[in-house]
Amino acid sequence: MVHIPASSVRDSSHVLETHDLRAYYRMKYFGIDREVRAVDGISMHVRKNEIYGIAGESSCGKTTFIKAIAAAIRPPLEIVAGHVKYSFIKDGLYELPAAERSAIRWRHLSYILQGSMNVLNPVRRIHKTFEDFAFRHMHLGRAEFDLEVKRHLERLRLPAEILHAYPHELSGGMRQRVCIALATLCKPEFIIADEPTTALDVVVQKDVLAMIRETQTEFGSSMIFVTHDLTVHANVTDRLGIMYAGRLVEEGRTADVFSNPMHPYTAHLIASLPKIGDTQPRSALSGSPPNLADPPKGCRFHPRCPLAMEICRHENPALTMLAEDHRVACFAASTKVQPSKDGEQGEMKTLEVVR
Amino acid sequence: MIAVFRDLFRYNGEFAIGFMIMVIILGIAAASFFSPYEPIDSYLVAMDAPPSAEYVFGTNSRGQDIFWQLTFAIRNTLAFGFIVALISRILSLAIGLVSGYVGGAVDRVLMSINDTFIVIPLFPLLVLLYFVLRDDMTWFVLALVMAGLGWAYDARLIRSVMISLRTREFTNTSVFSGMSMPRIVTQEHLPYVLPIVFSTFMNNMNWSIGLEVTLAVLGFTDVDTPTIGGMIFWANQHSAMVSGIWWWYFFPTLFVTLTFIGLFLLSISMNEYIDPRSRLDRMGNS
Amino acid sequence: MTTPLLGLDKVSKLYKRGGLLGREEFRAVDDVTFHIDNNEPQVFTIIGESGSGKTTLARMILNMVRPTAGTIFFKGQDLASIRGGGARRRFMKEVQPIFQNPFEAFNPLKRVDRYLFMTAKNFTDARSSAQHEAAADAALNKVGLSLGEVRGRFPHELSGGQLQRVAIARALIPGPSMIVADEPVSMVDASLRMSIVNLFRTLRDDLKVSIIYITHDLATAYYVSDRIIIMRKGEVVESGPARTVLENPQHSYSQLLKSAVLSPDPHGHGVLIGDSAASQQARASPHPHVSSSEPQVR
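Residue numbers (this note's numbering), protein chains in the order written: chain A, 1 to 355; chain B, 1 to 286; chain C, 1 to 298.
Since the hints were made in silico from the structure, they are not lab data.
A couple of the hints might just be wrong.
[As the list claims (entries may be wrong)] Capping the alpha-carbon separation at 25 Å, the derived lysine-lysine pairs in PhoX-like fashion look like this:
1) A/K187 x A/K128
2) A/K28 x C/K110
3) A/K85 x A/K48
4) C/K208 x C/K233
5) C/K93 x A/K275
6) A/K67 x A/K48
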């Protein structure tokens with residue numbers, strides 16, 4: 001197979017755009033109100049035919065961000081402000097009636113999730129699951145549909161016998177491959193992959209990653225790829241966004257982020273990756289991520305930051321373009337970085353709930 | 001404790017309603033201590049008088065004031081339910097904890113006994129016991145018998161919770177902190193089990209009261225001790241419905257229904273409050 | 001030769017699966033033999049993927065599970081001879097565990113410090129509660145925390161990294177000569193992973209504690225270990241000094257594992273695809289164990 005790198009056919013039109021997206025968990029227990037600002041003002045875009053990686057640690061808000069762009073919002077999670085726009089929908093995602101929103105799923109927007117068992121129905125054979133998910137979206141006759149499924153599996157180099165298997169009869173790696181096949185069957189414009197290889201063994205992980213990359217390239221889909229594992233990002237993604245405490249702190253081409261990390265958090269994450277053949281002592285970051293129910297004022301990283309200055313304690317740095325295709329939110333990285341305009345009073349005006 | 005109570009009352013509608021119902025019920029039961037009549041004495045007042053200012057709930061064909069009769073009936077019925085629930089909770093807790101934590105052969109023996117109790121048809125057995133014991137089947141003996149039969153379902157529930165707790169990592173941490181088995185069970189695991197005991201306590205009371213009323217209506221209990229079922233039994237004996245003395249049925253039925261609803265509401269609201277998950281969520285911001 | 005710290009002699013563990021009919025035996029650990037010297041503290045790493053038997057092996061070393069066959073010696077004592085509370089307690093004073101999930105290691109409804117005080121009370125000479133607190137504080141200091149940060153806290157009030165360090169501190173209170181750590185960093189965030197692994201180095205060098213580090217992550221294994229064994233389906237396929245084995249693996253499975261480790265240097269996805277073809281070739285190698293590896297329809 002001739003491999004065409006995505007960068008050579010770059011089309012700069014945006015498939016997904018979010019603007020100042022804020023999604024909070026609002027809970028009430030016996031009179032105690034609690035607000036967790038899991039996604040707090042994220043503006044980004046995903047271009048056509050690229051894999052956009054999102055990295056961040058547990059509870060940095062990356063899962064909430066995915067829920068927000070997939071319209072999988074259920075109380076207590078609420079979209080508090082901002083908008084999500086896809087190129088294949090005329091208006092914003094949340095301006096769409098609920099019925100149309102679900103019609104978009106799978107046809108234009110599909111998912112690859114961490115636990116394949118959550119997608120595959122354990123008591124139905126795989127071909128039944130394919131029908132459950134995709135038949136009504138494909139607008140094909142029964143025989144044509146079956147043929148299309150077989151052709152699709154062939155293209156992904158999966159044996160056709162798996163269609164007659166039950167999920168428990170397949171290995172974890174094979175199940176995850178089936179999920180990828182399922183997600184790409186309708187050739188959606190956009191795929192959301194949430195930790196798709198985290199539960200897999202390393203040997204299997206590598207093959208599954210290669211399959212994801214090949215499939216995405218072949219169908220020209222755009223993809224958001226979320227994982228906490230930076231080595232996976234280094235090998236799979238075109239562009240990479242680093243999240244910390246509900247905000248995007250750095251974003252750029254993956255190679256640029258790795259070779260020239262400008263945010264101290266990113267720099268630390270990359271420096272701490274162990275490598276076979278290298279036993280140099282690696283330092284660890286002190287402190288722990290903030291509680292999102294009560295985040296620190298100013299830059300949320302400043303309590304742990306080796307470069308923290310006075311301004312970091314009061315002002316939230318805006319995500320600023322510092323090099324070609326490379327945005328950073330850190331006052332220490334460059335004097336060009338200004339305090340974010342939608343700071344404290346911005347949060348006040350966002351309280352009207354966007355439907 | 002008072003703060004918990006205040007929170008529940010303020011923010012949980014089910015609790016507030018259930019609590020108020022139970023206060024009324026308990027108030028009526030407490031009134032029995034001030035009754036001008038003895039519960040078993042009959043032909044004390046005018047017969048078959050409808051509810052009026054003098055006799056709020058009316059009187060029956062045996063010349064008893066239904067209001068004062070009802071105070072004794074509610075007291076006895078509640079006490080019955082309480083005793084059954086208390087004894088059967090102790091049994092199910094002990095058997096569930098031991099079976100779940102010790103496991104192995106002990107578990108297998110206890111659970112086969114447990115399953116035997118689950119499949120025994122209760123109602124025919126109770127009727128049979130009544131015919132065997134006859135006059136020895138007092139109110140208290142019946143409570144003991146029902147407690148002995150009512151623990152099995154919840155013992156299994158507690159056992160399954162214990163099994164899952166035993167495999168959790170913090171149990172291993174406790175073992176390697178040098179804690180003994182009884183200590184781990186009572187200090188580490190009991191906080192997860194007690195909510196089940198509390199909420200099943202109310203449900204068990206409901207179950208035993210319901211069964212007692214059924215048996216009493218059919219006359220298979222000691223009908224000389226006034227209970228709610230016993231009152232309905234006597235109403236049947238005197239064909240009260242045919243004679244149009246509806247209040248003889250109506251008030252016992254109304255209050256036993258209210259008791260059911262009150263206990264049920266308390267059970268679900270306490271369950272929600274004590275549940276470890278919601279407790280953790282609340283602790284997260286205190 | 002002096003008595004080894006830990007010796008495993010042809011240790012196997014069989015599990016029986018299925019009900020009355022069609023019982024099937026499953027060898028979780030199959031004829032494993034190795035020993036750890038007592039001369040010098042070391043980090044001994046057991047590498048394996050899911051289903052390799054590494055966790056069962058750890059539980060046997062911790063005397064939580066009895067082997068079906070073979071013997072495990074700790075400082076010359078057969079673990080099977082440990083019976084009764086006193087003997088168990090003496091063993092736990094010497095060997096302590098660290099578990100995989102720091103959020104599960106402590107009861108969510110109990111305060112974390114309780115486990116530290118309990119351990120001090122049961123395994124040390126400390127008698128008064130002031131002495132228990134002193135012992136807890138000393139152990140917490142060794143892992144970079146203090147009692148002030150932990151006292152009265154519930155697990156959900158601490159981060160994963162803090163909890164894992166409290167778990168290590170608790171294991172240190174009895175003054176053990178060996179710590180068994182089962183996947184201690186797999187649930188910990190990347191920025192904290194190195195602080196845990198660095199801590200193992202410190203424990204080995206400063207406190208002279210030997211550590212059995214169980215993991216599937218070759219990169220941290222290389223970074224921290226002195227000796228390693230690689231397990232596959234219950235068997236040890238390769239063992240030796242960590243650097244030698246990982247730099248130049250001999251067994252085909254070890255080679256496959258190493259080739260599957262993703263490099264953190266971004267070189268674009270083209271290399272990934274190229275490499276995967278190579279690893280597919282490796283899987284098609286004539287070695288029977290490897291060719292049956294993955295994925296297959298049963």
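Tested hints:
1. A/K187 x A/K128: Holds, because 19 Å separates the two Cα atoms, which is no more than 25 Å.
2. A/K28 x C/K110: Given pair A/K28, C/K110 holds - Cα atoms ~23 Å apart, limit 25 Å.
3. A/K85 x A/K48: Since the Cα atoms of A/K85 and A/K48 sit roughly 14 Å apart, the hinted pair holds (cutoff 25 Å).
4. C/K208 x C/K233: 32 Å, violated
5. C/K93 x A/K275: 35 Å, violated
6. A/K67 x A/K48: 21 Å, holds
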